[in-house]
Structures are given as structure tokens and as C-alpha cells.
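**Q** Take a look at the letters that make up each chain.
There are 2 protein chains.
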Amino acid sequence: MESVNQYLDENAQRFESEFFDFLKIPSVSTVPSHADDVQKAAEWLANRLTQIGLQPEIVKTKRHPLVYAETPAVPNAPIVLIYGHFDVQPPDPLDLWISPPFEPTVRDGSVYARGATDDKGQLLTHVYAAEAILKAIHPLPFQIKFLFEGEEEDGSDSISEYVKVFKEKLACDCLIVSDCEMFAPGQPAIIYGLRGIMAFELTLTGACRDLHSGVFGGAVYNPAVALCQMLNKVIDENGRVQIPGFYKDVVLIPDRERKQFADLPFDEKEFFEKIGVAKGFGEKGFTSIEQRWARPTFDINGLTSGYQGEGSKTVLPSKASAKFTFRLVPKQNPEEIAKNVEQYLQSVCPPEIKMELEFQHGAGGLLVSLDSEFVEIATAALEETFGCPPFFTREGGSIPIITEMSEVLDADVLLIGWGLDDDNLHAPNEKFSLACFHRGIKASARLMEEIARRQKGKKV
Amino acid sequence: MESVNQYLDENAQRFESEFFDFLKIPSVSTVPSHADDVQKAAEWLANRLTQIGLQPEIVKTKRHPLVYAETPAVPNAPIVLIYGHFDVQPPDPLDLWISPPFEPTVRDGSVYARGATDDKGQLLTHVYAAEAILKAIHPLPFQIKFLFEGEEEDGSDSISEYVKVFKEKLACDCLIVSDCEMFAPGQPAIIYGLRGIMAFELTLTGACRDLHSGVFGGAVYNPAVALCQMLNKVIDENGRVQIPGFYKDVVLIPDRERKQFADLPFDEKEFFEKIGVAKGFGEKGFTSIEQRWARPTFDINGLTSGYQGEGSKTVLPSKASAKFTFRLVPKQNPEEIAKNVEQYLQSVCPPEIKMELEFQHGAGGLLVSLDSEFVEIATAALEETFGCPPFFTREGGSIPIITEMSEVLDADVLLIGWGLDDDNLHAPNEKFSLACFHRGIKASARLMEEIARRQKGKKV
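Chains as they are written, first to last, in this note's numbering: chain A, 1 to 460; chain B, 1 to 460.
Do not take every clue at face value.
Identical copies carry no separate label here, and so any pair may be met within one copy or between two of them.
BS3-like cross-link-like pairs, simulated, lysine-lysine; straight-line CA separation at most 25 Å [to be verified]: (1) Lys284 with Lys456; (2) Lys319 with Lys269; (3) Lys233 with Lys284; (4) Lys259 with Lys24; (5) Lys62 with Lys284; (6) Lys269 with Lys354; (7) Lys233 with Lys269; (8) Lys269 with Lys259; (9) Lys339 with Lys279; (10) Lys284 with Lys169; (11) Lys62 with Lys169; (12) Lys233 with Lys354; (13) Lys456 with Lys62.
Just so you know, the hints here were simulated from the structure itself, not pulled from any lab data.
Use the sequences and the hints to build the structure in full.
**A** What follows is the structure, encoded as C-alpha cells:
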């Protein structure tokens, strides 16, 4: 490890400067005019992989490319597949950025740029770790595969199809993902659970055009009123979802895990204060960590109807719509729930109103066994790098493609992130701490080295 | 009348051409960059009034000007005050206009332009009627006052203040307003009732910023969910308003009036078909005409929260807001209702949510006595001009400034409109039938002539 760490220290400056070049490419996947930039980012990354001795391929898809590379196969040895994404969120609103989103700027030890932590910086930690390991250990007694996508912020459709078709090529024992956060600065975490998600858009139509609310009001069903009535029946005032069968497969949180959550150094008061909330709210009988990490829920993400400008307009709108999501916990069946949601909404829709329900996307939750050897290795690597053992946590968010890849490839998942909770993901002034960047590289290298060491041990 | 009608026929061409010039002025009162155009329209109108021998004044206000003019005072004779407005709605969306909104274009006997029927065309009918009458009868044995505003589409604040301050100058026996519709083509109406209105905007705030719905969902009250819950408590599923005391002062519709409504040649099926509604909806026990003309109601006019773009966004919004209006019937007390609405919403607002209620504007309903001599005169004038007696109707809409003027000036109100229900008020391709324009002028002239005749009769 001495030599690996020495190599990493000697090259730290170059890693940063290359990382910044990567950040300068505005690879916004959702905006068609940036398609060339997403392609450029793929090429930049392929070039980087070539320089560490691999023969990457840029996989063309219906939309944005994938980048795939692998070290030589080793019979009967473990395979790790490293996932990451090189596309980024749109930078809007631009006027809230202190420095331009695609001109990486260092302030207070962090680099500010769109994609800094999500996910270019975190992705690169594994590339640089592999660079050092490939220099230090040859032949490498296990195989590393890299699969990077350019569509994560836009639904991951292409990689989803690719993984299904090329599941033998991508076969692996462990999927390593750094598209997540540490528990706190200096305190690493191994995330072993994610919630699933189901996203819908409900559109209600009353009259075929907007009406004058004076001339027609009182005799025509107002779809905005109907929308409130219907959504009000989806969740009750205690935060319980009312869709029939919704809780059927929800696994109660084991006492051991509840204790583990309760033992985390988590200041609930401070947590709510930071977001300007005087008082939390949610399902009774659960702590806020339990509510967010291990209980399913319902949120309205958007409401749209009628007049939204300044002042008032006496319109009886023709349409009203809502975007909403359910967060699911592992074992809940997204397909069954989608069916129940549709049936239930149909049953509470007034006969005067036409309803359309669009299912937007969905994925089940993920719960990784903590008994895997990779978790044990990662625990040691993180402890050695950060000087303290990782916390074992779950996350309330969803990474649908990870749930899907773990199922299709039947692999363990190691979610170890280097982000911090104030990194402004998807928001203006996204940043990535350079200390996290370099420590992430070292932790990843330590992890690979430990896999190699155990593998060599086996051979002896 | 022979000579008056002859004069009107001889000048019909000029009236149209002047009317079209008036329509070319884009006097949009709500858009600050059009302030000069509103001023131009005021000057155009003042110029027109000068040409018929009056000495109009352009009254400066805090916002848009008023135009006032009067014929010589006649002691002990009636005074009629003619109200109208020369400002227009914004023309957006522009791309839906077949011909440009400020280039009046005649198609199928109607002139298409913003403001054609609302209210430049209707307003001018009384100006041209007065022109003819002033030529034919001198001295005029009663007094005509004209008060035209440039702010009707933007709240009528200036005229409201002006009327309060100058109520002696504006003293009148009857207020004549043509900012409304006929019952059907060729079928005039005298509108004797308007609903009142109370407009509010409710804004709910949860966290101080938008949150990630995965990270926070389940532990933080979602203001969009709270909005649905609260609005759902304002009106029940039978269309009854739930604000305490809301129906306290609502006068039951007299049997005589119910019969009168029922006798109108109104095809309910066709009415709903035209707006693409399979089935009406509203308070039980009332016909759709009763629901719209003589019952109070509640409508949501706009809903706004979270993400409204394409696709989905996993946001737990910080804010959710609704614009909504109550329509009131005469005798309901707007002030008391506003207080009750605020108290009720406060009482049903979850403690985790901050609420702000903005009262936007309001006015009580209007119910005009049908026993007035002016109604009798107008009935005769309309019958003579259109060849059939007018229907007596109410309207579901509100003209707050008319309610207010009738109260402040203690005057009868004569609501006689020349518009048709397909004139596209406030919408693209607004039009005004030229037949309605000329018949409106004739009906107004007949009305004035009849007032003069009766007055002369009195003198004898």
C-alpha cells in the first residue's frame, strides 16, 4: 500500500487538473443541444481509460453513449463492476451560481462546478484508484469492469437495455457505486438500503376549454377541485397511504436495525432547523430516520392548473394535473402497486371528470445483505483510509438502475459515496470537496488492493 | 325617430370606420409598456365626444385616465350616466389569432379585434346614439353623463376612488352599462342581477427550500398535500361550500323567478355539449341556470406547486399555492365572508405548515329592481329595435365597479348588452357583430329619445 499511496500522492495534482478538464464539458443529457457534449465526455473518459492501459469501447445507443472497459479476465477470481455516470443535471438557474457551472473554481478546498460530485468526481476516484493498482499489482488477480453511462439524469433507458442484453459480458460478483454520500465529513458510510420509487402524472379534464368562472361556476365540475378531492384520498392526515394493499408487503423494521438507526449520531432538531421546519411530520410510531429510510410514502411533486400569473383570473380551468411519487421499501411490488393506484384513482374519480394517469417510471427498493465478503473488505478499507469504521445506513432516495443491475446481474452491491450533504446536487453551486476526492481515490485503491491480497492468498 | 334612424343609417359607414380606428389602439391596461396607448385611447374618445359638441375632460389618476363628459344640466329632469371602458385585455396568445388583434378585420359580418365587444364597440353605441339624439332634440330635456375608464381589466381602482370623491358631480338616476351580452342573436335581454365575487390567493409553506423527495419524503409535511387537504374542506363533494355562515344571508330564489328562469328558451343539453361536458354538476335541487345565476359557489382558478415541466422531478416542494374565488349572491356580506374564510382556513391548516392568505379583490352581488321606470323604457326601446321584447335575466359573472357605483350613487342600473356568447371575450379572435353594433346604437338612441319624450310630456 505504501507504493500505491505514494503514487497517488505524487499524481494528486495531475488528477485534479484532469478532473477539472472533465468538469469543463457541459454534458447535460436532458438538453438535446448538449448531445455532442455528452459524446465528448464519453470520449474524454475513454481516453483516460486508454491511458491506464485498457481498451475501452464507446457503446452507441439510441440516445447517449456508454463507456465500457475491463482489465484482463482471471478464471475463478472475483469480478467487480464499477458503475458511474458522466452526464450532469442542467445548470439552471444560472444566475444563482457564484462561478460559472462549467468553469471549475476552487473555493475553501472544494471545486465548484456542475457534476463535481454528481457524478464525475466520484466516478473518477475509481478510475485513478485502478490506475495506481494496475501500476502496482501485475497481473491483477481479479477482474475490474467499468460501465459508465451518459443518461443517468435522463432515465437510464439505454444502460437498462444494454445490461439486459449483455448480462454475460457484464457478469460480476460485486457492483461498486459511488453516486451517494458519506454520513458526515470524515465519517464514511456503507449504504445497504435504498427506497424504490413510482412516479405518476395525473391529468383531470372537465370542460373542453377554460371557462369563465362567473358564467359557468356552480354548474360545471372544476377539475382542480376534483384533483384536490382525489389526492386527498391517496394519503390521510396522519401520513398513511390509502391505496388498497399498499402496506401488504412492507417488512417491519427489525428491532436490531431500529436500534442501529437510533444509535447514529443524528441531531433531529438540527436536521429540521436546517430546512426551516419547526416540526417533523409523518407516520406515527416511527422516528424521522425510519420514516425516510425504511417506510414507504407519498409526495406530491407538482401541481398545475388554471391561472398561475400575478393577481387573479376568473377562470374555471379545463384541466388540472399533479405529478406525484410513491417511495417504496424493498419487497413492495411496483407493478402491483401501479395497478392498485390506477384502480383506486379510477374509483374515486367523479363521473363528471375525465382522468388520465401516466405512469412515468418506477423501480423497487434495494436491500443489500451485510454478510457479503465485499462489505467486510470495504469496511476495512474505509476504516483504514478514514481512521474510523463506516456507519451502516440506508437512504431514502432511489437509484433505479442500481436496483435493476443488481437484479439482472445477480450481484452484491457496494454503495460507498464520497459526497457531503451540502454538495448542492441538482442545485446551483454544486461542489465536491477535494479532500473527499483524494480520500475517495485512496479508499477505492485500498479496497482493490485488499481484494487482490485475499485473492492471492487463495491461490497460495 | 324617423330622423334619428335616418341620421344613424346615413352615418353608419363613418361609425364603423371610426370604431375600427379606435380598435387599432392597443390600450392594454395591465401591461405597463402600453400605458401610452391607454392614454391615446382616452384622447381618441375625448376627441370623439368633442366632435358631438361636448367638453370632455381627461381625468388623470394614479394609473390610467378616465374620460368624463356631460350634456347641459336640466333642473328636475332625470340624469343618466353611461359607463364603459376603453382599455382591453392582453391579446395573448398571439399565435391563435387569425388576423392580428389590433388590425380590425371584417369576416362574416363581424369585426375581429381585441376590445371589439369588450368594451370599445359597446361603449361607442351610446356615444353615437347621443350624437344622433343631440342633433335631433335640442335642448335635450334630460342630462346625459359619460364616464369611461381605462382600468376595467386591471381592477378599476382609479374609477372606484373617483366615484367616491366625486359622487355629487356624478349624481344620476340611472346607470347604463353595455359591457354584457344579449340572450341570443336577435334576442335582447335586460340583466337585473349579477353575482358578487371574492378572490383569494392561499400560499402554504413547508420547508424553507425545495427538498429531495427521496431524502426527506415521509418526515416533512408536503405543502402540496396540505393544500389539497385544506381546499378539500372548503367545498364538499356535492358542491356545497363549507365555510361557516356562508349560506346565512343567501336569499332563496322566489318561485316566480324560478318559473321565469325555467321558461327561458334554454337548451341545457346543448349548453353542456358546447363546452364538452357530458353532465353538469352542482348544488342539488337547483337547475343549472339557478346554480349559475342565483346561487353562490366556490371555484379554484389556479394551482401551483413544485415541478411543472415535462417528465418527473423528485422534489418535495417548499411552497404550494391556490388562487380561488367565491361567487356571491346579493345580500351575502363580502367582508364577513372574507373574515370567515380566513378563520376557517387557519383552523384547518396543519400546525406544521405556514399559511398566508391574500385577499385579492371582492364585491357584493347586484340585484336591480324591475319596477323602475328606466326598465320600462328600456323594455319598450329594445322591443321596438329588435322586434321582440327583451328577456329578463341574471348573470353569473360580476362587474364589481357597477355594484359599487350603484351603491355610491344610489342609482338604478340598466345592464343592456349587445355582445353574443361566441364573441371570444378575453380570448383570441375576439369579435363584435356589426349588426349588433348598429342595432345597439339604434336601441340606445331609441332609449334616449323615449326618456326625452316622457320628460317633455311631464313638462306639458
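**Q** Work down the list of hints and note, for each, if the structure agrees.
**A** For each hint, the structure was consulted:
In the homo-oligomer, the alpha carbons of Lys284 and Lys456 never lie at most 25 Å apart, since the shortest distance is 51 Å inside one protomer and 82 Å across protomers. With identical chains, the CA atoms of Lys319 and Lys269 are at most 25 Å apart between copies only, with a shortest distance of 22 Å across copies and 41 Å within one. Taking the shortest alpha-carbon separations for Lys233 and Lys284, both the intra-copy value of 18 Å and the inter-copy value of 23 Å come in at or below 25 Å. Neither within a single protomer nor between protomers do Lys259 and Lys24 lie at most 25 Å apart by alpha-carbon distance, with minima of 45 Å and 75 Å respectively.
Taking the closest pair of Cα atoms, Lys62 and Lys284 never come within 25 Å of each other, the shortest separation being 46 Å inside a single copy and 55 Å across copies. Only between protomers do Lys269 and Lys354 lie at most 25 Å apart by alpha-carbon distance; the minimum there is 18 Å, versus 44 Å within a single protomer. In the homo-oligomer, the alpha carbons of Lys233 and Lys269 never lie at most 25 Å apart, since the shortest distance is 31 Å inside one protomer and 32 Å across protomers. For the homomeric pair Lys269 and Lys259, the shortest alpha-carbon distance inside one copy (19 Å) is at most 25 Å, but the shortest distance between copies (65 Å) is not.
In this homomeric assembly, Lys339 and Lys279 never come within 25 Å of each other (Cα to Cα): the closest approach is 34 Å inside a single copy and 28 Å across copies. When the C-alpha separation of Lys284 and Lys169 is checked against a cutoff of 25 Å, the pair qualifies neither within a copy, at 47 Å, nor between copies, at 67 Å. For the identical chains of this complex, Lys62 and Lys169 are intra-copy neighbours only, at 20 Å inside a copy versus 75 Å across copies, given an alpha-carbon limit of 25 Å. Proximity of Lys233 to Lys354 under the C-alpha cut-off of 25 Å is found in both arrangements, the shortest distances being 17 Å within a copy and 22 Å between copies.
Taking the closest pair of Cα atoms, Lys456 and Lys62 never come within 25 Å of each other, the shortest separation being 42 Å inside a single copy and 87 Å across copies.
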